[in-house]
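Student: This is what each chain is made of:
Number of protein chains: 2
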Amino acid sequence: MDHQTDPLALQAEALRRRAEGQRIGFVPTMGYLHQGHTSLMDIARSQCDWLVVSIFVNPLQFGPSEDLDRYPRDPEGDAAKCAGAGVDTLFMPQHFYPSDHSTSVAVAGLTDGFCGASRPNFFGGITTVVSRLFGIVQPSVAVFGEKDFQQLAVIRRMVRDLAMPIEVIGGPLIRDTDGLAMSSRNRYLTPERRQRALSLSGALKHMQALLSQRGAGTSAETLLAAGREILDFDEFDYLQIVDPDTLKDMPIIDRSARALVGGYIGGTRLIDNMALIP
Amino acid sequence: MDHQTDPLALQAEALRRRAEGQRIGFVPTMGYLHQGHTSLMDIARSQCDWLVVSIFVNPLQFGPSEDLDRYPRDPEGDAAKCAGAGVDTLFMPQHFYPSDHSTSVAVAGLTDGFCGASRPNFFGGITTVVSRLFGIVQPSVAVFGEKDFQQLAVIRRMVRDLAMPIEVIGGPLIRDTDGLAMSSRNRYLTPERRQRALSLSGALKHMQALLSQRGAGTSAETLLAAGREILDFDEFDYLQIVDPDTLKDMPIIDRSARALVGGYIGGTRLIDNMALIP
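Chains as they are written, first to last, in the working numbering: chain W, 1 to 278; chain C, 1 to 278.
Quick caveat, the hints were computed from the structure, so don't treat them as lab data. Even for Gly, the Cβ is constructed at its ideal location relative to N, Cα and C. Do not take every clue at face value.
Partial list, derived from the structure: chain W residues whose beta carbon lies under 7 Å from chain C [unchecked claim]:
| no. | residue |
| --- | --- |
| 1 | 15 |
| 2 | 19 |
| 3 | 30 |
| 4 | 34 |
| 5 | 104 |
| 6 | 113 |
| 7 | 117 |
| 8 | 120 |
| 9 | 131 |
| 10 | 136 |
| 11 | 165 |
| 12 | 167 |
| 13 | 168 |
| 14 | 171 |
Calculated Cβ distances over 12 Å to all of chain C for the following chain W residues [stated by the list, open to error]:
| no. | residue |
| --- | --- |
| 15 | 11 |
| 16 | 20 |
| 17 | 22 |
| 18 | 35 |
| 19 | 38 |
| 20 | 66 |
| 21 | 132 |
| 22 | 134 |
| 23 | 154 |
| 24 | 161 |
| 25 | 177 |
| 26 | 210 |
| 27 | 214 |
| 28 | 222 |
| 29 | 251 |
Result set (EDC-like, lysine to aspartate or glutamate): computed pairs, CA atoms no more than 20 Å apart in a straight line [as the list claims (entries may be wrong)]:
| no. | chain 1 | residue 1 | chain 2 | residue 2 |
| --- | --- | --- | --- | --- |
| 30 | C | 205 | C | 243 |
| 31 | W | 205 | W | 167 |
| 32 | W | 248 | C | 235 |
| 33 | C | 205 | C | 167 |
| 34 | C | 248 | W | 100 |
| 35 | W | 248 | W | 237 |
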């Protein structure tokens, strides 16, 4: 596995490979990799000639009071996991943005609710960094996790609107054996808080069970009320049932929907989501 | 010369050519082509294997009271001029933006002054449409006129910041024999107003003559006062002397600078610019 820190050198190699007709696969990450990430690499690996993984903790997507400075890092462990997943080039940029960087990319509408409502810089930071990463890596296929369901929808929209010639694939959310959605931030959780964090997946599973019992036509409010009873947040952010493409609220569940949940336990931000199928 | 109206079909051809190692050249326009445009095509033609010219009057960059509806059009004349300039494919999209298009690209700072100050939607509309056009056409080299000097600086910044693998070339401003900078909007001018419009290039030439006489170290204010005396606008917008890259005001002209002027004569927006060399 190659290591690359220079954006322009990586881009030069990418352009050379594209001109040879190679297919480039890409998984952008913020590091502290877990099985959720490596599952995305597995998907990308099967779709490309050259697989690039980036690790960059992007300051643009963190708010002033968020955990940018203490975001967990493990460069050596990450490199070993990437090598194990068959990654060809690991891109860990030293200097990523030009010093007078002044361009931003934004998606309106889809970014208003959920994580965008409580984190105003978040999606603008993501669409900007992903645009620049796509420019550097020149991928034919990019894989993002369904764990960040709203992010996936936003990236798909950006790619379509800017006519980026990139196939965006969503990789399934990966759970620990106890049901907790894998996340780099889970390391912040004490054992007691981790136990309480199981209420996210517990609420979502209960909502699906209730929907299976009541069937198509069940109101979202019935399911949401049942879910809210189970959630054990210190600070509740959102629990909603939406159309999987537009992320618009579905008042009646008459077809496949997606339940999204987010909030804080002991200062740690946790999100989860699940398909709801009548 | 091929005609193409379908963005995705054009992109498919572009990707096929890129994968064969071809170099794609691109000149985006809003049509009603004149010698200023064809000079850009000549530059691009010499740099590429496949030359694409787009004609699209982009609604995003027009304000509500501007001339979108009456912007001049001449599709047949334009096609003849493109064929004469050796264009391979003329792209005139029928449906350009997806119906729920919601992504925007913006450059901060460089867009604040000059045309950006009086036209608040203008540069956001340009960077967004050019991003999507670049996605569709996949150029290796794109040529923009120095006539729109601020636009050229903004596009260069966007391309650098988003790491678009595109060489941006600025083509020299082309003047009519009387000195008027060529523009599709010149057709709006009556003979009397066209005569008054010569005051733009007249002011700029006079500023250069004065600078040549006074030499390096002349104050911008001296040159600007002399220029303003000559300008015959109905509505003055700006006359400034700036650093050619940063577009920041230069109070003392001790090296090469650029003078930029904009305003209205009889309701027609006119801009011009010239290098100022001590």
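Student: Hint by hint, say whether it matches the structure.
Tutor: Okay, the hints, checked on the actual structure:
no. : hint               : in the structure
1   : 15                 : holds, 6 Å
2   : 19                 : holds, 4 Å
3   : 30                 : violated, 19 Å
4   : 34                 : violated, 28 Å
5   : 104                : holds, 5 Å
6   : 113                : violated, 14 Å
7   : 117                : violated, 17 Å
8   : 120                : violated, 16 Å
9   : 131                : holds, 5 Å
10  : 136                : holds, 5 Å
11  : 165                : holds, 6 Å
12  : 167                : violated, 12 Å
13  : 168                : violated, 14 Å
14  : 171                : violated, 23 Å
15  : 11                 : violated, 6 Å
16  : 20                 : violated, 7 Å
17  : 22                 : violated, 9 Å
18  : 35                 : holds, 30 Å
19  : 38                 : holds, 26 Å
20  : 66                 : holds, 22 Å
21  : 132                : violated, 5 Å
22  : 134                : violated, 8 Å
23  : 154                : violated, 9 Å
24  : 161                : violated, 4 Å
25  : 177                : holds, 39 Å
26  : 210                : holds, 32 Å
27  : 214                : holds, 32 Å
28  : 222                : holds, 30 Å
29  : 251                : holds, 21 Å
30  : 205(C) with 243(C) : holds, 18 Å
31  : 205(W) with 167(W) : violated, 30 Å
32  : 248(W) with 235(C) : violated, 47 Å
33  : 205(C) with 167(C) : violated, 31 Å
34  : 248(C) with 100(W) : holds, 14 Å
35  : 248(W) with 237(W) : holds, 17 Å
Comparing the model with each numbered hint stated earlier shows that hints 3, 4, 6, 7, 8, 12, 13, 14, 15, 16, 17, 21, 22, 23, 24, 31, 32 and 33 do not hold.
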